[in-house]
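Visitor: The lines below spell out each chain.
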Amino acid sequence: MRSVIDTLDLSVEEIDELIATALDMIQNPAAYEQACKGKKLATLFFEPSTRTRLSFEAAMYELGGHVLSMPDAASSSIAKGESVADTAKVISHLADIIVIRHPKEGAALVAARNASVPVINAGDGGHFHPTQTLADLLTIYQKKGGFRHLTVGLCGDLKYGRTVHSLISALSRYDDIHFVFIAPDELQLPDYAKRNISFSQTNALEEALPRLDILYMTRIQRERFQDKTQYERLKNSYILDADKMKLAKPDCIVMHPLPRVNEISVDVDRDPRACYFDQVYYGKYMRMALILKLLNGTTDGKAESPAQEATRACANPRCITTAEPGLPPLCKRGEDGKTRCLYCEAEVGG
Amino acid sequence: MRSVIDTLDLSVEEIDELIATALDMIQNPAAYEQACKGKKLATLFFEPSTRTRLSFEAAMYELGGHVLSMPDAASSSIAKGESVADTAKVISHLADIIVIRHPKEGAALVAARNASVPVINAGDGGHFHPTQTLADLLTIYQKKGGFRHLTVGLCGDLKYGRTVHSLISALSRYDDIHFVFIAPDELQLPDYAKRNISFSQTNALEEALPRLDILYMTRIQRERFQDKTQYERLKNSYILDADKMKLAKPDCIVMHPLPRVNEISVDVDRDPRACYFDQVYYGKYMRMALILKLLNGTTDGKAESPAQEATRACANPRCITTAEPGLPPLCKRGEDGKTRCLYCEAEVGG
Amino acid sequence: MRSVIDTLDLSVEEIDELIATALDMIQNPAAYEQACKGKKLATLFFEPSTRTRLSFEAAMYELGGHVLSMPDAASSSIAKGESVADTAKVISHLADIIVIRHPKEGAALVAARNASVPVINAGDGGHFHPTQTLADLLTIYQKKGGFRHLTVGLCGDLKYGRTVHSLISALSRYDDIHFVFIAPDELQLPDYAKRNISFSQTNALEEALPRLDILYMTRIQRERFQDKTQYERLKNSYILDADKMKLAKPDCIVMHPLPRVNEISVDVDRDPRACYFDQVYYGKYMRMALILKLLNGTTDGKAESPAQEATRACANPRCITTAEPGLPPLCKRGEDGKTRCLYCEAEVGG
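These protein sequence lines map, in sequence, to chains A, B and C. Numbering-wise (the working numbering), the first sequence opens with residue 1294 and increments by one. Numbering-wise (the working numbering), the second sequence opens with residue 1294 and increments by one. Numbering-wise (the working numbering), the third sequence opens with residue 1294 and increments by one.
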């Protein structure tokens, strides 16, 4: 059974294939309107994310399938005292594919290891959110003609923003990508996310803007700042408005994972370079392509990294293992040679 | 793009056409069961209204379409910090038509002005609820054979009841309609709603009942009364029961928008003149007719009244502009010559 | 109109017929995929039960029908001040069949008496939950080859567990069933549930286990114990684990209505005798068979027991009549000759 927990579960070739399928779906929607006829997709949302849920549900309907919707899994009986593992086993008897969102890191992997149907991670805490990245990739592909020779600015909260980390690791597999990290010092990208990439970093959006092919904005939350006076000083510099857009190249595109609060001014919406609503549009098609691929059930693709029993429990308080004590403590060897929790990838004793 | 925010957005001719379509749907349901095949209707409910939501969803299913359901929009991520304008833009990429209910007056208009698909208002605060009025109109049409030469009693809370205001303005476009407003003084119809209509008013339901062709009951809430002793004195006089029904004409019909609490006694349900559950039945067909009309996408119909920038912000605390600060302050000239907020129609400086 | 409130509303012959239909659906799913085309099933859940709701919704989709979902009826406008009776009348105009779950005993019967479409009880307080029993029956039928000559152990909370009571009364209609009730004294089966059956009882799971053909586990809640030291002493004895399974026959099956907490250890899941996830699988097909039977609308079957007006109101605080004062106080003569509330079956004055 093939599941997608992280964008990197998909090879570069598979992403190419998903993009090709998505573009064909845009061109020939009628060819796909029965593609998943009779199939049922379950949306298990243990924390609300209406946009993501509706995007998956719209995708399934456009493929001719049915939807079992659980917008409120956290307050439901399924959450009260029932493990994610049991829920995955139960839903496997009711649906043909499961989309899960959960506040704990690694929860989607737990579901995938226990389900007998494919599982798509729609966000597990601050960890992974692969279909947002797939949406971003198709948007870039369509607007920039591919993934090569790009200067990509990422602005805002680069420390905690999983969207940003996931996009960086996905784009870093292509040639000649240069990243510009635009953030206050306290919210700069962690060092581990900077390995093997070409990048520069700055505090100043205006300074970086003229060089960019892509500007990816994210929200900065006041509560992230220890020094509130610094927040007050900086907050406006990370608000993109029509004035700042004058500094950008004529073909620089502006992206945002949404929802925005005020970090992109409404007056930018009319700028043809604004692409953040296009991301919603393309996201639906990438989800369609992914659902179709997983339901068609080729089990090829990247082999799961072999897990081994860990000698110590994971200490990450955001890890699903701390919420669901029945889980066996498992670990794997990371790319950096360190032993990491299988579920949340925090470092643990081997 | 054509949207329906107020019943008066539809001309008398269009209402005739919707009634004709709804009646044909009742006669020939099979002819419509593929009418909206492959289309998706989104129900964005920022406050709960299960009856209205399920009526729209049942309507869409009977037309062969799909439903993206958001029963809990207020507690969802889409509500947290995201504007109605952005939500409308996002959902436009996922659905073909949007039904919105929101506690703020003017919210549906904001959605309509930002969506790229048709929007139907399913209630915006105490402002409009056009599909309830369409349900009422088809019920009257079927039970009374048309909209002419009718004495229509409206009983209960006539001051705050939007259902009542909307029905009055819809019926006042037909010939020879006489209204009887039956309410305690504190809850009588506001003067602005009495313009250009033939009416009488009274405190006494028993006194009015023998003259009526239609009795439209609404709920009176205790908390509306400043003088609780008056409430205690009056409360039973506005409860319709089998005894009072003896005073009514043999062909007088009894209507109610539901849910009722105790203002219509259960012993009236068996009276063939009781039509309040029929309103639910007819409401579904009028919603089907409206969805079909808007999806078929003729953009003719009443031109939107031209808006102009307001010099002062709207002061109505129930207006969407007070909840969503990014909205431009817009106003229009009312029929009474006064300058009114474009969104909520409260009077503002020009 | 035929509704199913209690498992005993179905005759032994009808249960045979449902099982035959369910098995045919498993063998020939394609033969049923249009069986309920164009029909709408409403799931009215006045308390959450995601597993049961999704099972009904999956069942309806596999029959080609539509679903009107109300996962949150309790917090919805339909619950606020509207009676179950009115809700049933309203939904009858929107759906072709109603599934209701409600915390009050007798609520499903109230819905059935007011709806003009079939009603299926998906749990009314601690009273009935017939489709769980149907799921259990098909599981037993498939795993044990029928319902005769079985020793059935029921373990855990036998006092309050409605699943257990319902299964006992359903199985007691077959030949040569012997029950073993395994529970602490405080949670043993009430005497009224032991009439006309062959049974023995014990406190010790290990003692009973070797004799059983079926072990039906249920959850024991700490708060049920008055004597907490007894709870501490007993709690582990009612946890089934791989070690205890060594005492069971090679063909003894283990069942549980789910969700489990810790009363069945995860290490039992891999035991081929563990059937609790199979119950989910079979439950969906029994729900499909029941929906199809009721929508096909034969009105034969067990005649409703004649109700008569009660002279005293029902005093059971969990009865729907205490929550919904408009209901007429009705009673019927029980099998034991006592006069019982029609809705909740508590004893009342005649």
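A portion of the hints provided could be inaccurate.
Which copy? The list can't say, so a pair holds if one copy fits it or any two copies do.
For lysine to aspartate or glutamate, the following EDC-like pairs were computed, each having C-alpha atoms within a straight-line distance of at most 16 angstroms [claimed, not checked]: (1) 1452 - 1617; (2) 1382 - 1562; (3) 1436 - 1516; (4) 1537 - 1468; (5) 1631 - 1506; (6) 1452 - 1317; (7) 1539 - 1484; (8) 1528 - 1617; (9) 1382 - 1534; (10) 1539 - 1478; (11) 1437 - 1469; (12) 1382 - 1560; (13) 1436 - 1629; (14) 1382 - 1571.
The set of hints was computed from the structure by calculation and includes no laboratory data.
Visitor: Up to 16 angstroms between alpha-carbons, please classify residue 1528 paired with residue 1617: within, between, both or neither.
Guide: Neither. Shortest intra-copy (39 angstroms) and inter-copy (20 angstroms) distances fail the 16 angstroms Cα cut-off.
Visitor: Between copies, within a copy, both or neither: which fits residue 1382 and residue 1571 at Cα up to 16 angstroms?
Guide: between (36 angstroms within a copy, 10 angstroms between copies)
Visitor: Indicate which option fits the pair residue 1436, residue 1629 if close means a Cα-Cα distance not exceeding 16 angstroms: within, between, both or neither.
Guide: neither (34 angstroms within a copy, 50 angstroms between copies)
Visitor: With 16 angstroms as the alpha-carbon cut-off, assign the pair residue 1539 and residue 1484 to within, between, both or neither.
Guide: neither (32 angstroms within a copy, 53 angstroms between copies)
Visitor: For residue 1452 and residue 1317, with the copy left unspecified, which applies at a CA distance of at most 16 angstroms: within, between, both, or neither?
Guide: neither (36 angstroms within a copy, 56 angstroms between copies)
Visitor: How would you classify residue 1452 and residue 1617 at a CA-CA limit of 16 angstroms: within, between, both, or neither?
Guide: neither (27 angstroms within a copy, 29 angstroms between copies)
Visitor: Could you figure out if residue 1436 and residue 1516 sit no more than 16 angstroms apart (CA to CA) within one copy, between two copies, both or neither?
Guide: Close neither inside one copy (34 angstroms) nor across copies (57 angstroms); limit 16 angstroms.
Visitor: Are the CA atoms of residue 1382 and residue 1534 at most 16 angstroms apart within a copy, between copies, both, or neither?
Guide: For residue 1382 and residue 1534, the Cα distance exceeds 16 angstroms both inside one copy (48 angstroms) and across copies (19 angstroms).
Visitor: Using 16 angstroms as the alpha-carbon threshold, which applies to residue 1382 and residue 1562: within, between, both, or neither?
Guide: between (44 angstroms within a copy, 11 angstroms between copies)
Visitor: Please sort residue 1631 with residue 1506 into within, between, both or neither, judging by C-alpha distance up to 16 angstroms.
Guide: So residue 1631 and residue 1506 fail the 16 angstroms test inside a copy (35 angstroms) and across (50 angstroms) alike.
Visitor: What label fits residue 1539 with residue 1478 when the C-alpha limit is 16 angstroms: within, between, both, or neither?
Guide: neither (26 angstroms within a copy, 61 angstroms between copies)
Visitor: Please sort residue 1382 with residue 1560 into within, between, both or neither, judging by C-alpha distance up to 16 angstroms.
Guide: between (48 angstroms within a copy, 15 angstroms between copies)
The structure shown violates the earlier hints numbered 1, 3, 4, 5, 6, 7, 8, 9, 10 and 13.
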